[in-house]
Every structure is written in structure tokens, then in C-alpha cells.
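2 protein chains.
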Amino acid sequence: MKPSRSARGRTRLSEVGEDTLIASILRGLPNSRSLIGDDCAVLEFRGARNLLVLKTDCVVENIHFRASTDASLVGWKAMMRPLSDFAAVSAVPQFALITLIVPATKSALWVKKLYNGLKRAAALFGVAIVGGETSAIRGPIVISVSVSGFVERKRSVSRAGGKEGDDLFVTGHLGGSLRGKHLKFVPRIHESRWLTENVRVHAMMDLSDGLGADLPRLAKASKLGFKIDKDALPLAPGASIDNAISEGEDYELLFAVSPRDRPRLQKAWRKKFPKVSLTPIGSLIHPSSFIPHPLKRGYVHFQ
Amino acid sequence: MKPSRSARGRTRLSEVGEDTLIASILRGLPNSRSLIGDDCAVLEFRGARNLLVLKTDCVVENIHFRASTDASLVGWKAMMRPLSDFAAVSAVPQFALITLIVPATKSALWVKKLYNGLKRAAALFGVAIVGGETSAIRGPIVISVSVSGFVERKRSVSRAGGKEGDDLFVTGHLGGSLRGKHLKFVPRIHESRWLTENVRVHAMMDLSDGLGADLPRLAKASKLGFKIDKDALPLAPGASIDNAISEGEDYELLFAVSPRDRPRLQKAWRKKFPKVSLTPIGSLIHPSSFIPHPLKRGYVHFQ
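Going line by line, the protein sequences match chains A and B. Counting with our numbering, you get residues 25 to 327 for the letters of the first sequence. Counting with our numbering, you get residues 25 to 327 for the letters of the second sequence.
Next up, chain A with everything else stripped away, as it sits in the complex (with noise of 0.2 angstroms):
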């Protein structure tokens, strides 16, 4: 880890960031017999045919959700947003796991709500909820979701591998999700699953950071540089370019696939999903090429 040190002589995880965080704990790791991924770990499962798909997170009180937010929503947040990884890397969620750590004093209405909205969320996607943990805190309620299920190998998708010229695609619509779609958003699995059933998608990534902080990962993770044009943002109603690309929390598909497959897969997709806007933001270019719109981040935890 190599971050600024402050004045004191001790580092505080606001000065370093999310993505250092993290980067610094991998790098740390031991040797894995498995391939780590980003969006979710994909990953051997001895003598099976598929690979094993794995996924956690969690949302905070006060953080991802205010006290006074409905906890039927909150429960339908929790669990859609590790299902959004899965759309991610296209894989099919089969079991969840919930970790609810809650004060002794919030009430047991409460938290049936709450796993009403995890059980209705799970429900959409077939996704089975076999087991839990609860936990006492003298703080703020936690939910923290895990979520295994399988990819096909042939299908498996990670942010690396864009090519130098693909098209980047993004599906729906940019910013304004934290006025509602936040905690009532449909995580892109469908959309995921078809995409690599019928194209070939070379790079995939979820938006849940911004466009300008997702889409450098899925170019460093490609090895390339890229360009988007920011009057081609598919704006969400009421949102600017500002916070299309800044805000956060659009559980949107951001993906490249070649120009030459882009009329089929244009033409295909609105038959196969008239009501979900598909636009084309732009191409992954030479590392080395001008950027001509540099992005500014999107939301980075910590900061």
C-alpha cells in the first residue's frame, strides 16, 4: 500500500480510496489456484462443468440507505445489488446468503419487511435464500448479501478483453438514480444472459460507480484508452451529462463488442427488448490516443 501519508504519520482510509484499498489487498493475496475477477470471482468448482460464480456486498445504514427509507426496499436493494454483478459477468445467481446485523432495539415488523423486499428481489431471479446469520451492533443496520451461482464457460465475460475499436455500449438510461431507481432497479440479468447468448461480447462491466468511474476500470482492464461522446449519453429524465457520469447507482450493462457485429446487434436487441433503450457512447481506442472528454469520477467510497 503506498498511499499519502498524513500529517500524524497515519493513513486514513479517506486519503487512499476504494480502488487502492482493494487493489492493496489483492496484491497482497497468496498465489490462488483460480482466476480472480472483478465484478464477481469466477472460478474453478472441482469435477463440475460450469464455473462457480461468487458475489458479496452489502448496504449501510445512513450510507446506501436512510433511516427513514421503507425496508422493503432497502431488502430489495440489498439483494439486487450483488445480483447486478452477476449480470456483470453474465452468470445465473442459484443461492444467497443474507447477514443481518441489526440493533436489539429496531423492531421484528421492520425486519420482516426487510426480508419481504430481499424475498420478493430473489424471487424475480429465481435465486434460492439458504441460509443467514444475524448480529447485534450498537450502530447502524447492515445487511450484507452473498450470492453464488454458475457460468457457462464458453459465456463467462469479465472487463477485460475489449478490443483496440469496439463500440461501447450502455443499456437504459444515466444519473438521476438516486431520486428512486437506486432501490427499485431490476438488475440486467436477462439482458446479460442474451447478449452473450447471441453476440460476442468482448468486454462487460455493471455501472455502479458512474460512467466516469466504471468505464477507465473496463479500459485498464483491457489494456486501452477510450473515447465517448457525451451528447450520446442516454440521459435519464431530469438528469444532466453531469450526473450521468458522476452520480452512481445505474445498475446499468456497459459493453464492447466489435463494429462490424454492431447492425445485428442493434436490430436483434430491439426486438428482443423494445423498452430498454440501447446506445452506443463511444469506442476503445489506443492507450496512447487523446482522450477528447475526459471523464470526472464517479462516486469513489471513502472519499
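There's no promise every hint is true.
Pairs involving identical chains hold if they fit within one copy or between any two copies, as the list cannot separate such chains.
Said to hold, decoys possible - Capping the alpha-carbon separation at 30 angstroms, the derived lysine-lysine pairs in DSSO-like fashion look like this:
{"#": "1", "residue 1": "254", "residue 2": "295"}
{"#": "2", "residue 1": "291", "residue 2": "130"}
{"#": "3", "residue 1": "244", "residue 2": "130"}
{"#": "4", "residue 1": "137", "residue 2": "295"}
{"#": "5", "residue 1": "244", "residue 2": "136"}
{"#": "6", "residue 1": "291", "residue 2": "137"}
{"#": "7", "residue 1": "136", "residue 2": "247"}
{"#": "8", "residue 1": "244", "residue 2": "137"}
{"#": "9", "residue 1": "178", "residue 2": "295"}
{"#": "10", "residue 1": "187", "residue 2": "296"}
{"#": "11", "residue 1": "205", "residue 2": "137"}
In case anyone wonders, no lab produced these hints; they're calculated from the structure.
Since chain A is already given, all that's left is putting chain B on it; use the hints.
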């Protein structure tokens, strides 16, 4: 959920207790294609010979560790707790995901020490840390660890399956864990794997909430009663019988085998694990039988 109602018409979790909460959650689940485990979830992974085993657990500041506790010991405990559940079902842990929820004001050095503890614990059992998430919190530190692995169909064991007349054994010593062991224990995975390879284990679990809370769970899952000889309990140095029954965090194995297998088990155990005691403490009996030594309850969350 049928808890008693408080005067203000709102039931608090502290009035419900963890078993009731978890039971009510499980009752509300949609039918799963899979077995719902108790210590771990033990599941079919499509197209695989072995069963998929999943477990998530967490440690929370001021609940499971103090702010002053050495961070590497916190990491050790956070990893070893779910691994103890793998011991309970005789499974082999393979992959871990870590969710770290920590105030932005916390030092990066603390986090580095925490990860060192997590990594040392994982390495002891060949577990690969394959991913993680981080989040800020305005409150106590939370570390959630999700572990996946496998168990051979023939060696899978659970709390259910105990037979009337079975002898009950515990490994190691009970009580006094909170004086230090709870931060340094080594889950009984090697012992558990040896047991299911060499003995017909009818039912097994790990002792995390204290014998007084956990043994009734094993008996109930096996639809049996139990009797124990309190004076036979293997007490940790300085621990009383009450400590051994009620304190919790022993992370020892409790298991049931036929009395016919007892002599062979005890002889082979002494040879294989000369430094780990194995103590017969009682037996499983008909559920309607008189229980001469009712156990005080062990640690129950939220109470």
C-alpha cells in the same frame, strides 16, 4: 413470527431471540430445490459430483471484539468463525469473500493488520481469498466473511441424524474462551474430516453459543432428548461447569456416534490426535425421557 408484543405494540428483536428470528425467516422462504443446512447451506451444484457448501458470518466491533483488540486477531476470528461451521458439516473450505465495513477515519495500518489476520487464517486451511467489498460506515467496524467449498455426498453430516442411545462426544475443552481463545482458536476441520472418513458420525455441529444452547439444537434436529453428565465435561483451565455450559465461543465439535463404535473411535482418536482430548459427555435419549440435568441456556444473540 409470533413473539410476545411489547406494551407499545412493537416487538423488539431483544424480545425475540436469534433462534426464533431465524426460524421465522426460514419458514417464510419459498420452496428451495435444495437442502437447507443448519451450520452451513449444503447444496447441489449443477453437474457436479460433490455438494456445494456455503456459509457466511460476521464479527462486529463492541459485540465480537473490542476497539482495542489487535486487528490481526480480529481478522483471524472473522475468518475462523465460518470455517468452524465447515468443520461442523465435515466440508472442505475453498474460497472466501470478505466484506469490510469500516469508518473512513480508521487507519490504513489497522486494515492492513486485519487482512494479515484474515490471510493467515485462510492460508492455514488452503482457503483462497477471491474477492471483497468495502463500505464506509458511521459507526462500529463490521467484517463479514463468506466461504464456499465442497463436501462429498457420503461424508456430509448435519445436526439431524442422531439416533436414540448414541453417545455424545465433545472435542477439546469447554469454557473460558472469552479470556483469549475466542480470538485464536483453530477450527476442528482436520478432526472433522478424519471423523467422517473413519467413523459413522450420525450427527455433528460446532459449539459456538455454548453447550447449553447448542446441544438442545442438535437433539431437536434429531428429534430426540439428551442427558449429560455435568461432572464429565472437559473444563478449560480455570473454567467452571457453568462456564462450560453457558459462555459459548468454544468452537469445539459436538457429535453423536453409536455406542458400538465408541471403543474403536476412542483408540483411533488417541493415536491420531494425541494432543486433542475427546470426551464422552452423555447420550441421546427418547424425547419423552426424563432429563436429569437441564442445561442453562448458552449465549443467545439479542438477549
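Comparing the hints with the structure gives:
1. 254 with 295: Within. Shortest intra-copy distance 26 angstroms satisfies the 30 angstroms Cα cut-off; inter-copy 72 angstroms does not.
2. 291 with 130: Close neither inside one copy (51 angstroms) nor across copies (51 angstroms); limit 30 angstroms.
3. 244 with 130: Answer is between: at 29 angstroms across copies they meet the 30 angstroms cutoff, but 44 angstroms inside does not.
4. 137 with 295: neither (37 angstroms within a copy, 53 angstroms between copies)
5. 244 with 136: For residue 244 and residue 136, the Cα distance is within 30 angstroms only across copies (25 angstroms; inside one copy 43 angstroms).
6. 291 with 137: Classified as neither; 42 angstroms inside a copy, 53 angstroms across copies.
7. 136 with 247: Between copies, since 28 angstroms is at most 30 angstroms while 46 angstroms is not.
8. 244 with 137: between (41 angstroms within a copy, 29 angstroms between copies)
9. 178 with 295: within (24 angstroms within a copy, 49 angstroms between copies)
10. 187 with 296: within (26 angstroms within a copy, 56 angstroms between copies)
11. 205 with 137: within (19 angstroms within a copy, 38 angstroms between copies)
Violated hints for the displayed structure, listed by number in ascending order: 2, 4 and 6.
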